[in-house]
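Residue numbers (the numbering used here), protein chains in the order written: chain U, 1 to 310; chain X, 1 to 241.
There's no promise every hint is true.
[Stated by the list, open to error] Distance ranges between label pairs, derived from CB positions: (1) Y205(U) - K127(X): 46 to 52 Å; (2) F114(U) - T182(X): 19 to 25 Å; (3) T223(X) - V78(U): 18 to 24 Å; (4) F114(U) - T54(X): 40 to 46 Å; (5) P204(X) - K94(U): 28 to 34 Å.
[Unchecked claim] To give a feel for the contact side, a few chain X residues facing chain U, derived at Cβ under 7 Å: (6) R37; (7) M214; (8) P224; (9) V227.
Worth flagging that the hints you see were computed from the coordinates, not collected in a lab. All C-beta atoms, glycine included, are put in the ideal place defined by N, C-alpha and C.
As a plain string of letters, each chain reads:
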Amino acid sequence: MRRGATTRRRRRAILATAAALVPAVAPGTARALDFDFTPARVEASLTSDDNVTRAGGSDALRDTIFGVRASKGLLLPVTQRTRAIVQGFLGGEKFQKYDGLSHNFIGAQADIQFRSSGDFGSATYSAFLRTQAEYYQSTLRDGYRHAYGVTVLKPLTDRVTFLGALQQNISDGKSTVFDTQNTALRANFDWSLSTWNTFYFGAEYRKGDFVSTACRTCDPNKTLGLVNTATPNIIEDDAFTDVVRDAYRLKANIIVATLGYNRAFSSGQSLDLSWRRATSSLSQSAVAPATKSDFAYTVNQYSLAYLVRF
Amino acid sequence: MRPFGVLDDPRRRILIQALAAGFFSSAGSAAAQIFGRSPGPLPAGQSIYRVSGTVSVNSQPATLQTRIKPGDTVETAPNGEVVFAVAEEAFLLRGGSRMVIETPPPRSGLVTAMRLVTGKVLSVFGKGRPTRILTATSTIGIRGTGVYAETDPEQTYFCTCYGVADVTATNDPTSKQTVVATHHDNPLYILAKGKEGAAIRKAPFINHTDQELMLIESLVGRTPPFVFPMENYNAPRRDYP
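Make the full structure from the sequences, and use the hints.
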């Protein structure tokens, strides 16, 4: 189930790196071509995740994750009502217990945006394409993650802003078990209590592939059901070393709800507290002795992030 | 037989009594306070679009019904904020501020004048309407402009969000600068005490947003000259992995 490194992959890695570095190394070019830079953003986060294996019952493992992410982009006016944004980003996540899941990433995103006027309530429509390379402490998950889709951002009132998105997510891991595709439909509402205080509520429906990791020997009956259902998309997961665990790629429907609070300290700094809960249910047939409930799981992520823009 | 207009269903009776008492309009008003509303030109006779916390006009508590006109003094407590319009001008006055909408001197050629005694105000002015702004440390002449100012006895922060502004330091008339801006291009600090000719310094872009400019422009039926607001929301919008 492993694929060797290919020239195609190396070329894509070079392209992703180059795209991420363009904003940093080419300010002179940007000025010459009438670009504007977007502010640099840096965020540091601490997340408690109660199910890093994305599995049910006793297979759910808890971990704490420290993350950093930095991004910088440039704005390219196309017409008065249309603009393009190209952004490079890089970062990493460090898992406290399951270090095989720790990883670094580098990537780029391009957006094309349209807004009909400067009216307060005018919506901003956007189409985007994002690609990133990911390098894990373990091997099988190494690869690429891509997303493309459309978004609409609209102030509903002077306190509430709506963000809707429809996007396709594609991951391309070293192991085909980690080659996944899913479609996500997302709605988010930002509710500003004042200039500095914003609550946000998000709901997302996701349909497609997901990977779940479960202990091989803990419950032989459950393992048999997982194997029967997921075959041939199974591999021994090298990110976990406590016991032998296998990763299974399955079809599922996932509902993600997010509740957050953002407290800005100035125009460029904020502290963000959020809770995200994901609930997954199998959308393919479960093969005996497994039942669909064997594949159901929930994830709770509590996150504290500090963000700075300059 | 029941007389016409007498209801026997107690739920309908309560509903009609609630409607008569204006329950739903006050509930709507409370909802607007919590969830906001879509801004647009203010109806004739209304000056204030939004008021929160402690705000006074000429030392009287301000409500949505309070009229504001030239000559009035508007003041906000630290917890207060008021968004209002006077003629073709619109303002967002932040907490801990005091400003006077002045009546322009006769034959001055000015249409509007305002004095920001202390605090922070975002303002937009109609095209072709010469305006003078006085702050604790500066005198600013503008025309058809959006500006943001913060002032205290030591210094004034002044951002010409768009348009043209002639900025002069009050204590040093040799310190002056004309700013032509399209999108917050040249924010300034104007110092109370500075070297002669050097009381005006460059400043960063702080404490106001394009969304606020769009909001107050909409109260007087205009839109700002830019289409895309600068990004100011600073929350992570991470995807679920």
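So, going through the hints one by one against the coordinates:
The hinted range of 46 to 52 Å is satisfied by Y205(U) and K127(X), whose Cβ atoms lie roughly 47 Å apart. Checked against the hint of 19 to 25 Å, the C-beta distance between F114(U) and T182(X) comes to roughly 20 Å, which is consistent with it. Restraint check, T223(X) to V78(U): a C-beta distance of roughly 20 Å satisfies the suggested window 18 to 24 Å. At roughly 42 Å, the beta-carbon separation of F114(U) and T54(X) lies within the given 40 to 46 Å, and the hint holds.
Distance hint check: the CB atoms of P204(X) and K94(U) are about 33 Å apart, consistent with the given range 28 to 34 Å. Interface restraint check for R37(X): the shortest CB-CB distance to chain U comes to about 5 Å, inside 7 Å, so the restraint holds. Because the closest C-beta pair between M214(X) and chain U is about 4 Å apart, less than 7 Å, the hint holds. Below 7 Å, beta-carbon pairs count as interface contacts, and P224(X) has one with chain U at about 5 Å; its hint therefore holds.
The beta carbon of V227(X) is positioned within 7 Å of a beta carbon in chain U (closest approach about 5 Å), and the interface hint is therefore held.
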